[in-house]
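Make a model of the complete structure from these sequences and hints.
So you can see what is in the structure, the chains are spelled out below.
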Amino acid sequence: MKLVIAYINPYKLDEVRDALKEAGVSGLTAANVEGFGRQAGHVETYRGSEYEVDMVPKVRIEVLTDDTLLPIIISTIERTARTGAIGDGKIAVLPVEDVIRIRTGERGREAV
Amino acid sequence: MKLVIAYINPYKLDEVRDALKEAGVSGLTAANVEGFGRQAGHVETYRGSEYEVDMVPKVRIEVLTDDTLLPIIISTIERTARTGAIGDGKIAVLPVEDVIRIRTGERGREAV
Amino acid sequence: MKLVIAYINPYKLDEVRDALKEAGVSGLTAANVEGFGRQAGHVETYRGSEYEVDMVPKVRIEVLTDDTLLPIIISTIERTARTGAIGDGKIAVLPVEDVIRIRTGERGREAV
Amino acid sequence: MNSGDTAWMLMSSALVLFMTPGLAFFYGGMVRAKNTLGMLMKNYVAMGLVTVTWIVVGYTLAFGTDLGGGMLGGLDYLGLKGVAIDIAKGEQAGAIHGATVPDAVIMVFQMMFAIITPALISGAIAERMKFSAWAVFIAIWSIVVYAPVAHWVWSAHGFIFEHIKAVDFAGGTVVHINAGAAALAAVLIIGPRLGFRQSPIRPHSLPLTLLGAGMLWFGWFGFNGGSSFGANALAVNAFIVTQIAAGVAGTAWLLMEQFQHGKPTTLGFASGAVAGLVAITPAAGFVGYLAAVAIGVAAGVVCYLALQIKFALNFDDALDVVAVHLVGGILGSLLTGVFSESRINPSVLDGLFFGGGSTQLIRQTIAVVVAFGFSFIISFVLLKLVDAVIGLRITEAEERRGLDISLHEEQSYALTE
Amino acid sequence: MNSGDTAWMLMSSALVLFMTPGLAFFYGGMVRAKNTLGMLMKNYVAMGLVTVTWIVVGYTLAFGTDLGGGMLGGLDYLGLKGVAIDIAKGEQAGAIHGATVPDAVIMVFQMMFAIITPALISGAIAERMKFSAWAVFIAIWSIVVYAPVAHWVWSAHGFIFEHIKAVDFAGGTVVHINAGAAALAAVLIIGPRLGFRQSPIRPHSLPLTLLGAGMLWFGWFGFNGGSSFGANALAVNAFIVTQIAAGVAGTAWLLMEQFQHGKPTTLGFASGAVAGLVAITPAAGFVGYLAAVAIGVAAGVVCYLALQIKFALNFDDALDVVAVHLVGGILGSLLTGVFSESRINPSVLDGLFFGGGSTQLIRQTIAVVVAFGFSFIISFVLLKLVDAVIGLRITEAEERRGLDISLHEEQSYALTE
Amino acid sequence: MNSGDTAWMLMSSALVLFMTPGLAFFYGGMVRAKNTLGMLMKNYVAMGLVTVTWIVVGYTLAFGTDLGGGMLGGLDYLGLKGVAIDIAKGEQAGAIHGATVPDAVIMVFQMMFAIITPALISGAIAERMKFSAWAVFIAIWSIVVYAPVAHWVWSAHGFIFEHIKAVDFAGGTVVHINAGAAALAAVLIIGPRLGFRQSPIRPHSLPLTLLGAGMLWFGWFGFNGGSSFGANALAVNAFIVTQIAAGVAGTAWLLMEQFQHGKPTTLGFASGAVAGLVAITPAAGFVGYLAAVAIGVAAGVVCYLALQIKFALNFDDALDVVAVHLVGGILGSLLTGVFSESRINPSVLDGLFFGGGSTQLIRQTIAVVVAFGFSFIISFVLLKLVDAVIGLRITEAEERRGLDISLHEEQSYALTE
Ligand SMILES: Nc1ncnc2c1ncn2[C@@H]1O[C@H](COP(=O)(O)OP(=O)(O)O)[C@@H](O)[C@H]1O
Ligand SMILES: Nc1ncnc2c1ncn2[C@@H]1O[C@H](COP(=O)(O)OP(=O)(O)O)[C@@H](O)[C@H]1O
Ligand SMILES: Nc1ncnc2c1ncn2[C@@H]1O[C@H](COP(=O)(O)OP(=O)(O)O)[C@@H](O)[C@H]1O
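Chains as they are written, first to last, in this note's numbering: chain F, 298 to 409; chain A, 298 to 409; chain G, 298 to 409; chain V, 59 to 475; chain X, 59 to 475; chain R, 59 to 475.
It should be emphasised that the hints constitute simulated quantities derived from the structure, not laboratory data.
One or more hints might be untrue.
[Claimed, not checked] Residues from chain G that face chain F, not an exhaustive set, calculated with beta carbons under 10 angstroms:
(1) L317
(2) G324
(3) A328
(4) V350
Every residue, glycine too, gets a C-beta built ideally from N, C-alpha and C.
Have a look at this one:
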């Protein structure tokens with residue numbers, strides 16, 4: 298099993314989630330994060346003092362999945378989150394040793 | 298070493314944390330996240346316009362642990378976070394290659 | 298490739314980020330989290346009722362990196378996030394199987 | 059009709075109306091984020107419902123011609139009949155306590171009191187009561203509890219006013235004991251919140267609470283200052299003692315915290331100030347400046363100590379309506395009998411402290427007991443009825459999810475977009 | 059000069075000024091967090107810019123000696139010449155409608171109206187309009203649209219006042235229809251927000267919206283109550299009907315929601331109350347208490363239903379300025395012709411309901427049409443001009459990032475430090 | 059006693075009290091979230107402590123019978139002895155400047171000034187000062203600094219009033235220079251915040267700051283308008299110039315930002331408006347409308363430029379009390395000598411601009427220097443004393459964790475439950 302992590306633009310969350318759902322993903326977890334990368338941040342000015350804010354608001358998605366669904370998850374995220382502009386974000390795939398559904402105690406593929 | 302990630306109901310955080318502490322876990326990190334899964338979301342209505350909100354507030358816990366404590370961590374979370382209702386959440390176990398305690402520079406099991 | 302996770306004190310974020318940037322890291326993602334560990338929490342009092350708050354605000358950093366940069370990333374975080382006081386936090390290293398840059402579709406080392 | 063007095067009464071009426079949003083935020087900041095709108099709504103809706111009940115029957119039951127025995131007003135002002143301004147005939151003034159302002163302005167000033175009083179109760183049942191049940195409850199309560207008590211105490215032939223001769227300048231019994239007794243009944247019936255005394259239930263936004271406290275303090279100048287029905291010397295006295303009692307009680311509460319816990323809190327200052335405002339309310343037109351200091355100290359200390367009641371008796375008065383409004387109201391009503399001065403207001407006897415003996419204090423005590431007993435009993439019965447018909451309490455799942463989404467399908471904050 | 063009347067007019071002026079921050083928060087809470095400051099700023103800046111335009115030319119165009127035909131005031135008060143208080147010469151009073159207060163206080167009271175009126179428009183173009191274009195637009199609009207309409211309706215020789223003989227107590231046409239028509243023009247020109255009707259656009263902080271509603275309600279007592287120019291019986295009437303209409307309309311809106319969706323909302327109560335306040339505005343000095351109930355019910359129901367217009371016509375009136383202010387203003391202006399009573403205010407005919415026939419209603423209708431037409435057309439042309447010269451709309455990237463950072467280089471909330 | 063004047067003074071007193079919560083939010087929004095309650099508390103507590111010091115000795119030191127030389131009031135009003143309303147004897151009025159309102163209402167109006175003045179200082183020492191030290195400091199400061207300066211400037215026999223003949227309508231010297239000088243002393247002693255000029259220290263909630271600015275603006279009508287002690291022509295003038303200066307200064311500040319940075323900010327508009335309100339304060343009863351425009355422009359521009367002082371001198375005046383209140387207060391006091399008109403207020407000479415020569419300007423300058431020097435020196439000594447006995451500054455760990463938890467064991471926001 299795998300854990301897919303994706304950093305995406307916040308306004309893409311709904312689209313990505315809906316597409317993943319359609320692709321057969323039964324669950325995911327999202328969090329608000331701040332990203333630093335090639336994408337420029339912005340300047341804020343308070344009473345004449347300027348502050349460079351390097352961090353950009355992003356959403357971090359986490360999907361636990363069995364290996365069969367992995368390619369389609371990656372391609373779905375790529376397709377829906379892409380705008381072509383810097384800051385579209387990244388996807389990472391991590392190995393997972395076990396997954397447990399708390400409610401039932403199911404393990405592994407069943408639990409996803 | 299392992300990283301245990303658990304998505305649980307927010308109001309279970311205190312109970313889970315206390316139980317893990319009792320079980321010998323010396324630290325963990327928690328974050329507010331939004332989960333999408335089998336559990337139904339809710340509807341919001343603003344001036345007559347309805348919005349379906351699919352995401353449910355959850356808490357994401359992360360515990361770094363050495364392998365020996367792993368079974369007890371999993372069973373502790375299962376036991377304390379379970380209500381039997383849909384939305385109790387999931388636990389995932391990921392392999393960890395190294396852990397470092399920043400304060401002391403200790404590595405591996407010592408650092409957890 | 299690796300995923301480096303670090304839990305650090307919030308007021309260290311700017312320093313750590315700047316140092317990582319200088320060390321050649323091209324991106325990272327940060328999130329506000331709450332940590333539980335050896336560091337003491339605090340007490341809050343509302344109309345005479347005391348509440349022990351065990352969780353301490355921390356920032357969680359995530360850096361995707363290829364293996365060559367790994368040692369320097371770890372030592373940079375260690376150096377800049379360390380104050381020597383309890384609560385400086387931890388670093389964990391996880392294996393990563395693949396990374397994809399959404400904008401371009403690049404994979405692996407190129408994508409980081 | 060005096061234009062200066064009228065200007066002050068218009069302004070005072072606006073100030074008292076402003077207290078209901080103030081109260082909403084005072085309370086709203088103290089609940090958890092998921093219950094914020096549920097809390098605000100229970101207050102705001104009083105500005106809608108009680109406006110209606112007041113113009114239809116509340117006003118006439120309270121201030122209509124006494125039906126006999128000082129128990130209730132007649133229906134002469136039903137639907138505000140006869141209260142209207144009639145330019146051609148000249149404005150009506152003086153019907154109520156001989157005031158120099160149009161009767162209609164007193165009607166609306168009193169309406170604002172009728173609005174905020176049931177709203178006060180909402181703090182006790184915070185985070186777990188149905189909206190529908192609440193709406194029905196306060197609409198009826200404003201008619202069957204509030205209006206009679208207002209009649210007894212403030213109508214010229216009300217039995218507490220005329221026969222018991224207890225005084226209540228701006229609502230110690232009518233507003234605070236009345237609401238506080240109902241709050242006590244409500245807490246006993248509805249039961250504690252999920253997790254009460256097990257897990258921490260923290261205020262979600264003390265800045266909102268502080269804002270509400272500031273709005274309340276500001277509005278209270280109209281509440282007490284307007285209860286003289288004019289921009290006269292009595293208004294000035296009421297205004298000043300209001301400020302003194304609030305400031306002193308806030309400070310006293312801080313000192314209590316400092317002694318007991320070592321840390322003064324902002325919630326403590328706000329709570330103390332409100333306690334002081336409550337306690338000075340019945341006394342404002344009868345006591346002098348130094349008495350206001352004494353009442354302020356008493357309010358800060360006693361209401362602070364009264365917080366313990368709920369833990370001792372193990373009932374969940376969520377936002378301490380009993381400790382602040384019931385205890386504070388009783389305290390102020392009794393201390394009025396201690397510190398009143400006929401020099402300041404000829405319509406009252408000198409109090410115990412000023413050599414007038416215990417006569418006024420005894421009268422005050424009777425009024426306190428009567429108001430408390432009546433409000434507690436009728437509120438209790440009424441709540442039981444509403445519970446039987448509609449149900450007072452939301453389900454456990456709704457309570458967990460929070461009132462905002464469960465009851466109103468709204469979210470209080472969406473800060474990340 | 060009457061000190062009581064002056065006290066009330068000073069206070070009313072302050073209350074009306076306070077409504078602009080109130081409006082800012084009412085609106086500000088309804089936008090997404092990233093646009094909060096952008097929204098607040100579009101309101102606050104009116105307190106700067108329109109203060110300037112009003113003292114320079116706005117006041118004299120509105121209230122200067124009529125140039126003939128009741129179309130516009132002359133330049134006698136240019137730069138407030140002749141409006142100053144001159145102690146030596148005695149205060150000037152009575153120039154405007156024979157009021158018993160200094161002319162200067164009426165000037166500043168009217169200034170507050172001139173400020174809030176363009177601010178009302180900002181709700182329609184929320185979350186997408188340039189700040190520079192907005193600033194230029196409202197500065198000019200306050201001169202070329204607001205001042206003339208104010209002259210027509212409120213100046214002694216204004217043609218709507220003198221010839222059409224329509225009445226508008228506190229701004230149904232001058233404020234609400236005027237702003238509502240401009241809002242409609244603005245929405246048509248600027249187009250919908252990114253994602254309108256595709257993805258949810260939720261209010262980021264309903265507590266702020268509720269706070270704003272509370273401030274508006276409070277301030278509205280000055281808005282309507284002060285429009286009698288004194289602390290007189292008419293002020294009392296206006297004050298009371300204002301309270302009644304607001305409370306009733308808020309309740310009516312809740313009931314509509316209950317019937318349609320099964321859940322009453324806090325945003326609904328606040329919206330209904332504001333709709334009621336809007337609708338009673340033109341009527342406040344002409345109608346009685348029960349008429350206020352009727353107007354409140356009508357406002358709650360009709361404005362609620364009017365929300366559908368934007369979906370039917372597919373235009374993005376972001377915060378429903380058309381449904382609340384344009385529709386509410388028209389409703390109130392027409393109902394004034396239905397419920398007016400000469401008994402309450404001899405300067406008006408009895409309305410349709412009180413046996414006066416349809417004369418007043420017809421006059422009101424004409425005034426509505428004229429005000430709407432004028433405001434819509436001139437606003438449309440003006441906005442087109444501003445669009446051509448400066449551009450009304452921010453870029454897509456700016457809109458995505460939010461007005462706060464894009465336009466003002468500020469962030470509304472930084473809660474994690 | 060005039061009821062209209064009394065109504066206005068009661069209302070003005072309430073408005074000025076409301077400014078302290080307003081100030082609390084204006085400041086509170088500008089600090090980091092972890093210091094919000096610490097900031098609010100430093101303001102709110104002034105409503106408690108200074109109420110006490112004022113009634114005990116502050117009022118009598120300021121307005122008691124002069125002890126000779128115009129330096130200090132005597133103890134005739136100790137504990138408010140003799141200030142009480144005595145219905146039987148008839149209300150006392152006219153003791154202070156022959157006003158037509160009860161002396162007691164002036165006492166409480168002045169109390170509100172005594173409360174907000176030390177609160178103003180809190181912006182300078184934001185995010186790092188102990189609460190205990192602050193409480194002790196302002197209590198003593200209100201007695202040893204505020205009361206004497208108020209006596210000099212506002213008591214009939216105060217030496218600045220009677221001998222220097224400088225004028226200060228509503229507190230340019232007494233309030234703003236006084237607080238600004240103390241702020242400067244405090245900043246020099248307490249030192250900069252951790253991370254000053256190294257890492258960004260951003261406002262945590264500009265909506266709160268904007269709300270506070272709105273409350274301040276609203277309350278300022280009482281501050282300046284009430285300083286005429288009645289609802290008279292002077293009040294009207296003060297009210298109008300207050301509005302003009304605020305609006306113009308806010309606009310001017312925006313234009314400065316536009317020129318320097320290309321982006322106008324909401325914090326800028328709010329700051330400019332407050333600067334304008336500060337600058338018009340001493341002048342409000344002496345200058346005309348166009349002078350108010352000039353003062354507004356000057357305030358917007360000069361205070362904006364004055365922000366640089368702290369970077370030039372490298373001291374951490376956290377929320378710019380020096381730039382806004384000290385500089386704005388000096389500016390307004392001097393410009394009063396430039397734009398005063400005897401036509402508006404016979405008690406003042408014509409200023410430089412109106413052909414009166416430099417006499418009034420010189421008087422104003424002397425008053426500025428005296429008030430600044432006295433306040434700076436005594437405040438400095440007092441702060442050194444408090445530092446020696448209690449310590450002014452919290453520990454580094456406390457500062458990192460934030461004042462809310464460190465000092466008050468409270469958290470400002472818990473939005474996730
Ligand atoms: N090495 C990295 N480790 C973790 N997160 C990263 C890394 N690089 C980029 N990110 C995340 O991806 C987001 C987009 O990256 P950025 O370099 O701005 O654009 P792009 O991916 O299009 O080149 C960043 O805001 C950050 O959240
Ligand atoms: N495949 C997944 N990947 C990541 N998180 C998931 C996944 N499935 C579920 N979750 C998380 O677990 C929570 C509970 O899942 P849900 O399907 O609603 O209930 P249950 O686990 O009881 O069947 C979700 O809200 C989400 O946060
Ligand atoms: N086993 C763990 N798993 C996950 N996070 C941990 C763990 N132990 C500590 N942490 C994180 O590291 C932070 C610092 O840990 P703590 O024990 O307080 O100090 P230190 O690391 O200096 O000994 C905690 O607040 C928590 O966020």
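Evaluation of the provided hints:
Using the Cβ-Cβ criterion of 10 angstroms, the hint placing L317(G) at the interface with chain F is satisfied: the shortest such distance is roughly 9 angstroms. For G324(G), the suggested interface contact is upheld, since its CB lies about 4 angstroms from the closest CB of chain F, less than 10 angstroms. For the restraint placing A328(G) at the interface with chain F, the shortest Cβ-Cβ distance is roughly 4 angstroms, inside the 10 angstroms limit, so the hint holds. Evaluation of the V350(G) hint against chain F yields a violated restraint, the C-beta minimum of about 21 angstroms exceeding 10 angstroms.
Hint 4 alone, counting from the list given before, is not met by this structure.
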